[in-house]
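**Q** In order, the protein sequences belong to chains G and S. When we follow the working numbering, the leftmost residue of the first sequence carries the number 1, and every step to the right adds one. When we follow the working numbering, the leftmost residue of the second sequence carries the number 1001, and every step to the right adds one.
Any given hint could turn out to be false.
[To be verified] Simulated restraints, written as ranges between beta carbons of each label pair: (1) G:SER61 / S:ILE1019: 39 to 47 Å; (2) S:ARG1115 / G:VAL8: 29 to 37 Å; (3) S:LEU1113 / G:LEU31: 49 to 57 Å; (4) G:GLU63 / S:ILE1114: 54 to 62 Å; (5) G:ASN111 / S:ALA1004: 23 to 31 Å; (6) S:ASP1064 / G:LEU12: 14 to 22 Å.
[Stated by the list, open to error] Sample of chain G residues at the chain S side, in silico, Cβ under 8 Å: (7) LEU9; (8) LYS11; (9) ALA16; (10) GLY19; (11) ILE22; (12) VAL23; (13) LEU25; (14) ASN111; (15) LEU112; (16) MET114; (17) THR143.
Quick caveat, the hints were computed from the structure, so don't treat them as lab data. All C-beta atoms, glycine included, are put in the ideal place defined by N, C-alpha and C.
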Amino acid sequence: MGRASESVLSKLRIMATQGVAIVLLAVIVALLGNTVRPRSLPLFAPPLWKQGADSSQMTLSLEEAEHLFLHDKAVFIDARSPELYAASHIRGARNIPEGSGEKLMREALSNLAMDSVLIVYCDDETSAVSVSLSKKLAGVDKTRKIRSLLRGWDLWVANELPIESGTSPVKGAR
Amino acid sequence: MKLAALRIFLGLLFLYASIDKILYPAAFAEVVYNYRILPDGMIHVAAVVLPWLELLLGLFLIFDLWLPGAVLLANGLFMIFFASIAFNAVRGLDVECGCFTQEGASASLVVYLIRDAFFLLLSGLTGFLVLRTMMNSNKKPNGVKLISFLSH
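Bound conformation, chain G alone:
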């Protein structure tokens, strides 16, 4: 091998070494950045919006809802009126009454962890309100996993799961 080609190879080796060092640095900074940011992405999970899109069922069972609730992996959305919500609701739920605009929905969805599942419930026997709100929320936040808990309020109360009273933390929902 000639002296010139050896020299080129050594320069290319320097370039490659530096390139790898920059990539490693970027990986470290990216992982740190993703860890400390409020809405971090779960690194090795399947894409969030795909989890929702692949599921033909947009509902979940009371047991699943309870499991997510106990593991702090869900945020409940109360689709009932502000008056009913204020009287009593699932602990930690946010109120988005039927007919709410997109602005209120966005506000209610703000500051949620990326991997939190939204569980929408109402007290309608057919659960039409919560299903309808789930679809609207899916349009507002396409990356979020959203489920309806059919006959959610009745089931939750009947099973004596945690509830609380008070007004919604979301302004505009009263």
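Keeping the supplied structure of chain G fixed, place chain S upon it in accordance with the hints.
**A** Showing chain S alone in chain G's frame:
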């Protein structure tokens, strides 16, 4: 002078491209997914790492740090971007580029290809100038001494 202008232009380009992706990682993840190239398990990893790589690369290019490595990486990234868009153009998938912003007006794949080919040409020229500078000069560019020391 030519080299400085090229590296600063490319650096600003990477810096600008990284901002929106760092701010909205989930939206960028969707763009990566829509390319239908990476397996599902790698989508979020790419969406998290790539923007920071672009940011660091931009800073390294602008401030002339580890320039040979930064230019090599820039060429590699532009080749990957170009190949990804070309691959989807060939198989008929009309994907959003997502190169600079996750929302807004979208152009056709041909426009993206021409634009990326132009950037690739610029980074290739920058790489050539860096390599030539390294060959012609005994004085190594910034960072080369350190990395040569580290690599021995």
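**Q** Hint by hint, which ones does this structure get wrong, listed from lowest number up?
**A** 3, 5, 7, 14 and 15
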